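Enquirer: Please model the complete structure; the sequences and the hints are all you need to start from.
Mapped onto numbering that gives the first Met the number 0, the consecutive letters of the sequence shown carry residue numbers 0 to 393.
Keep in mind that a hint or two might mislead.
[What the hints assert, rightly or not] Simulated DEER-style distance windows between Cβ atoms:
no., residue 1, residue 2, range
1, Glu2, Leu124, 29 to 35 Å
2, Ala324, Gly291, 27 to 33 Å
3, Leu109, Arg237, 30 to 36 Å
4, Thr311, Pro146, 27 to 33 Å
5, Arg59, Pro349, 54 to 60 Å
6, Gln290, Asp345, 25 to 31 Å
7, Arg285, Pro146, 29 to 35 Å
8, Arg270, Val393, 32 to 38 Å
9, Arg59, Pro241, 31 to 37 Å
By construction, these hints were calculated from the structure, which means they are not laboratory data.
For clarity, every value in this text was computed on a predicted model and none was experimentally measured.
Note that CB positions come from ideal geometry on N, CA and C, so glycine has one too.
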Amino acid sequence: MNEGLIPLVIAVIGASYAGLMLKNRSRHDNLVFGILVLVDAGMTAWRGLNVLTGGSIVSRGVLVPCTIGTIALALLSFEFIASFPRRTPMRWGWRIAALVWGAAAIVMALINIDGPWKHNTAIELGFFAPATIVIFILIARSYRRTPQSDARVVLSMLAFRWAFGFFAYFAAPLLGIFEEVVWAETTIGSMIAFVVIGTAVLRTELFSARSAVAEVVTIATLAVLVMLGAGGAIAAARLYVPEGRLQDIALFGATLVPLALTGIGLKLYPRVERRWLAGLDERRARRLGVQGDPIPADAAEAITEASARIATFGDGSKVRWVPAAEMPAPLAAELLRNGVLRRDEDPTLPTCLAVPAFGAEKALVGAFYIDGGTLDRDTYLVARDLAARVALVV
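Expert: Below you can see the structure in the form of structure tokens.
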């Protein structure tokens, strides 16, 4: 087996977790972290593709693009840690300063000076070493501020990922074990980080373990099919189309295959969820069975019916509707900013789970307060769907 396949498989798993995180991209930290994981998975895939085609994992053709990608990872890490979990995003002043530092780092990557890290000496000393220190300081600060175990797992594994990467590119060249450690960082380090961080983040989003695994396996399978289709199209263009302009056109067409297959996969996903994932997850099956059922047109009747459905789906949850006019102003502002709120993340919340209902132009109409019973992602999705429809009639 070609060793390049291992990083490619790991990249697919990472991209699958990123896709799930981005499904709830209305939350700033989810959006940033989903992009961060996609960038990391993209660099892992780039290393795998180069090895698959006969290159070295530490060749300059691999290291230069990955250096630029790691600069992006550092900037995204600053942004993510500053707002995780559910905190105010980084201020624009700090964000602009970070972007300027990142732009300077790209210039450093092009500077070739003598040193123990050869062509990377300038950027190692001028960006990666201090950036790693800043990341550890931010992680320690966020770790102290959050009591949530899942959030602390995410922060700890992010520290592990950066420590492993820093050792691979800063210390390993000095010890003469650069290529060996880069392989370990690309495979072992990436795999552990993707799975542990991805699962922990999904748990903070109320995914059950079974639901998370089922979705990751499904998305990973679709991603593998896209990758195989793309590889098959490129191989066919090289093998069966004569060299010259016609082959160039065929290769260009092959680059469009992944986009087409991805579009087909997105269209098929709802059917896959109903026909396959629902069979693996009883809660998901129940949710898909009740979502979309009509509610009364009268506002009071709609609220009563929606509350009863949420309570039934939550296995006895206590549900009450609170109009926006009756909410404390700080709570209403928090719902507008972050959407769903949970008491395990904010002990001052007057309910275990608050699911907002937004009207036109995202005006807050009210929220369902849910306590007790089964509070998981499927309960939240049912409540969110009903809240959206209640907002239309209130």
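Enquirer: Need the list of violated hint numbers for this structure, in ascending order.
Expert: Of the numbered hints, all hold.
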